[in-house]
Amino acid sequence: MNNLYAIVIHDVANQLAELSLRLGDLGNCQNEMGILMNTTRRLSGMLLLHRLESNQLSVNSDMVSASDFVAILAAEHRELFPDLVIEINDEKVPSLAFFDDALVRMVMANAMYNACRAAVAKVKVSAYERDKMLVLEVADDGPGFPERLLRDGIVAPSLANEHRIALGLYLAKNIAELHSLEGRHGSVELSNEGGAVFRMALP
Amino acid sequence: MRKGKDLGFNSDIAEKWVLVIDDLEGMRSQLRMSLSSAGFAKLHVVSSIKDALERMTSNRYDVILCDYALGDGTDGQQFLEYLRTNDLITRNTIFVMITAEQGYKKVVAASECAPDDYVLKPFTAAEFNTRLEKLLERQEYFSVIDKATDTKNWGRVIVECDKKLEYKDKYFVDLCKIKCSALMRVNRAQDAANLYTEILQMRPIGWAKLGLARALLQLNKTDEAKKLAQEIMAESPQFMAAYDFLGKILASSGDKHAALDVLQKAREVSPGTMSRVRELSNLAVSAGKPEMAEEVMSQALQKHKYSPVRQANDYAVLSKALVNQGKTTEALTVVTDAQKTFKDDHSVIVLSAIESVTHKAAGNSEKAATALAKAMSFGDLNKLPASTVISLADACFASGKEADATNLLRHAIQNNQDDAAIRSRVHDVLIFAGKDPDEANEIIETSTREVIQLNNDGVRKAEAGQLEEAIELLCKAADRLPNNSQIVGNAALVIALDLVRNGNNPDKLRRCMYYREGFIKKAPNHPKIAQIDAQLKQLK
Numbered sequence: 001m002n003n004l005y006a007i008v009i010h011d012v013a014n015q016l017a018e019l020s021l022r023l024g025d026l027g028n029c030q031n032e033m034g035i036l037m038n039t040t041r042r043l044s045g046m047l048l049l050h051r052l053e054s055n056q057l058s059v060n061s062d063m064v065s066a067s068d069f070v071a072i073l074a075a076e077h078r079e080l081f082p083d084l085v086i087e088i089n090d091e092k093v094p095s096l097a098f099f100d101d102a103l104v105r106m107v108m109a110n111a112m113y114n115a116c117r118a119a120v121a122k123v124k125v126s127a128y129e130r131d132k133m134l135v136l137e138v139a140d141d142g143p144g145f146p147e148r149l150l151r152d153g154i155v156a157p158s159l160a161n162e163h164r165i166a167l168g169l170y171l172a173k174n175i176a177e178l179h180s181l182e183g184r185h186g187s188v189e190l191s192n193e194g195g196a197v198f199r200m201a202l203p
Numbered sequence: 001m002r003k004g005k006d007l008g009f010n011s012d013i014a015e016k017w018v019l020v021i022d023d024l025e026g027m028r029s030q031l032r033m034s035l036s037s038a039g040f041a042k043l044h045v046v047s048s049i050k051d052a053l054e055r056m057t058s059n060r061y062d063v064i065l066c067d068y069a070l071g072d073g074t075d076g077q078q079f080l081e082y083l084r085t086n087d088l089i090t091r092n093t094i095f096v097m098i099t100a101e102q103g104y105k106k107v108v109a110a111s112e113c114a115p116d117d118y119v120l121k122p123f124t125a126a127e128f129n130t131r132l133e134k135l136l137e138r139q140e141y142f143s144v145i146d147k148a149t150d151t152k153n154w155g156r157v158i159v160e161c162d163k164k165l166e167y168k169d170k171y172f173v174d175l176c177k178i179k180c181s182a183l184m185r186v187n188r189a190q191d192a193a194n195l196y197t198e199i200l201q202m203r204p205i206g207w208a209k210l211g212l213a214r215a216l217l218q219l220n221k222t223d224e225a226k227k228l229a230q231e232i233m234a235e236s237p238q239f240m241a242a243y244d245f246l247g248k249i250l251a252s253s254g255d256k257h258a259a260l261d262v263l264q265k266a267r268e269v270s271p272g273t274m275s276r277v278r279e280l281s282n283l284a285v286s287a288g289k290p291e292m293a294e295e296v297m298s299q300a301l302q303k304h305k306y307s308p309v310r311q312a313n314d315y316a317v318l319s320k321a322l323v324n325q326g327k328t329t330e331a332l333t334v335v336t337d338a339q340k341t342f343k344d345d346h347s348v349i350v351l352s353a354i355e356s357v358t359h360k361a362a363g364n365s366e367k368a369a370t371a372l373a374k375a376m377s378f379g380d381l382n383k384l385p386a387s388t389v390i391s392l393a394d395a396c397f398a399s400g401k402e403a404d405a406t407n408l409l410r411h412a413i414q415n416n417q418d419d420a421a422i423r424s425r426v427h428d429v430l431i432f433a434g435k436d437p438d439e440a441n442e443i444i445e446t447s448t449r450e451v452i453q454l455n456n457d458g459v460r461k462a463e464a465g466q467l468e469e470a471i472e473l474l475c476k477a478a479d480r481l482p483n484n485s486q487i488v489g490n491a492a493l494v495i496a497l498d499l500v501r502n503g504n505n506p507d508k509l510r511r512c513m514y515y516r517e518g519f520i521k522k523a524p525n526h527p528k529i530a531q532i533d534a535q536l537k538q539l540k
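Those sequence lines, one after another, are chains Z and G. Residues in the first sequence are numbered consecutively from 1, following our numbering. Residues in the second sequence are numbered consecutively from 1, following our numbering.
Just so you know, these hints were derived from the structure itself, not from any lab. Backbone N, C-alpha and C define an ideal beta-carbon position, used for all residues, glycine too. There could be a bad hint or two in this list.
[What the hints assert, rightly or not] So the derived label-pair ranges between C-beta atoms look like this:
{"id": "1", "chain 1": "G", "residue 1": "Ser270", "chain 2": "Z", "residue 2": "Ile88", "range": "32 to 42 Å"}
{"id": "2", "chain 1": "G", "residue 1": "Ser275", "chain 2": "Z", "residue 2": "Gly183", "range": "30 to 40 Å"}
{"id": "3", "chain 1": "G", "residue 1": "Thr222", "chain 2": "Z", "residue 2": "Met46", "range": "41 to 51 Å"}
{"id": "4", "chain 1": "G", "residue 1": "Asp261", "chain 2": "Z", "residue 2": "Glu147", "range": "31 to 41 Å"}
{"id": "5", "chain 1": "G", "residue 1": "Asn187", "chain 2": "Z", "residue 2": "Ala118", "range": "55 to 65 Å"}
{"id": "6", "chain 1": "Z", "residue 1": "Ala156", "chain 2": "G", "residue 2": "Ser387", "range": "21 to 31 Å"}
{"id": "7", "chain 1": "G", "residue 1": "Lys106", "chain 2": "Z", "residue 2": "Arg184", "range": "21 to 31 Å"}
{"id": "8", "chain 1": "G", "residue 1": "Gly103", "chain 2": "Z", "residue 2": "Arg184", "range": "33 to 43 Å"}
{"id": "9", "chain 1": "G", "residue 1": "Leu200", "chain 2": "Z", "residue 2": "Met46", "range": "34 to 44 Å"}
{"id": "10", "chain 1": "Z", "residue 1": "Ala118", "chain 2": "G", "residue 2": "Thr85", "range": "46 to 56 Å"}
{"id": "11", "chain 1": "Z", "residue 1": "Met46", "chain 2": "G", "residue 2": "Thr85", "range": "51 to 61 Å"}
{"id": "12", "chain 1": "G", "residue 1": "Lys50", "chain 2": "Z", "residue 2": "Gln56", "range": "32 to 42 Å"}
Looking at chain Z on its own, in the form it has when it is part of the complex (with noise of 0.2 Å):
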């Protein structure tokens, strides 16, 4: 059943992947390209937490450069909200870092596109280094999470959950713990300081 779903969500990124260029070219879709873009990740993480779920979902670190990282990300989201000033704040990157390239990507692309729809004007995204962990963090200057999220912590989705589901931030959460080195684990914060700061912190 697995694969099953695999395969229909395979073609359906295809589809997608066609929409989205088609969308480029005809100008002033960006809502649009984003709501896209959206759609794919919750689909792919359905995949993901279906291996999570089932113990599958195993982390490969490599090298990864953090300041690439992090420009790609801003050029993405520049394209996705023009309207939005989008700042990188790379200076205390660290020149090497190491995670799942695929897996942080997915994450951060998803708190990177919430930070987006929430912020009123802007949108800052870093790479640090803390207490010998690479931090990936997203800083927006909307609302805030809800008092809520912050009070209870992020919780595993389910249909009983009062709020919308959160499988999101649920993963992040996961794959943020499942990077480990020395006995040290990852972790996520989230915290409100002006705005939402989503922050992902890896060994």
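Given chain Z's structure and the hints, the job is docking chain G onto it.
Below, chain G without anything else, positioned relative to chain Z:
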């Protein structure tokens, strides 16, 4: 990707040749449009691997964008592996995989052949362009090193890496990786092991562990290498290269069944590339499990039915597996079909040899003799890979031509003196031909002794001052066994000694340089090169 969104980085982007391979018509036209508006002017867009290869014979590309799912059995990853193992693209060519496969990163982790980057579908033009921009930046950064890699100038690779390593920039680990491979190529395994260990202290990355295992093996620390490979397999069962590596160690130490187990386990995790299929089927045939070889190879060939990643040899192995099970009719069908596809000289030899074996097994001696005669009209034996020479010997044995067979095997052994895999294959053929193990070992040992004796005679004559005789002996041997680096190296050295003693002679110098070239190719880091060069320097 509307107009006015040109890539920022490289002004000569319009000069870069780009090849796009995608089987979906819609994606092709969209990518073409996107790339042209990003500023790329030299674009070829094709729909299949076959068309891509055709384009590549007449054009050198700077950037190749390839879809992962290509729809004709061979996927983008296998295509990349094919390009790299056959040196069809330079190291500096940017290869980007475009994929809708969420699990693609796993595919890469499982392979030893990584693309320079991959883009997940769907993507926005901005993401795509920024990635290309970063890759072009990287292409420029590595251009000198890549050029040295392409010309297999490992010494230069190491020097250039060292120059850049001191900056500890974002390419640091990539540089270490490249330097390690170069160190291994020049047999500086201890230095490579040290550098791999340094990387591992930063982070326990799979490829660095495997690299260390390879270095340990080269340092004859076989058990440590084995242990490390098993460790990688336990930690990351998806890391296929570790299985292949362990399988090879076990096979060359003679433990074929254990090697088969490892490769079978690998196959359960991922069906893998043609090179593993080849390894596994050859091993299965030689371990007396032809039914396993048949299953594995026929499945793979079915999958890659229309793909250029197949070789005539694959069909030969399949036929052999069938013959060994007495299925001669099926074996003959396989050979005949392959003969329709593979018509180059080498394939004709390989397929005629197995055709002969098959006819003989089916009881048709006349046809077997005709096919064998065709196979044996190969011209220069030294132009054939050792595996083909061994297959020819197998065919000779099948037709009762003992002397021809033994001569071929002797040549394979002597021309590949230190190659354990070749010795093991020769052993297999001898056993299959009905020799008992002692007899087989005796033939192998005699061949080895002969060549050692030959070399020693040459050296002794040179030491006794009989340079002319030494030259004649060693050059004759070097011409017969151009792959035997010891003999070729000594041939170059005695001529150099003679030149110093008896004065320059353009004809001799030319021969000396010819053997020296051949020697460097086989043993790029051998101390004897310096010895030869020291003599030649005296001439100048």
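Taking the earlier hints as the rules, which of them does this structure contradict? 4, 6, 8 and 11
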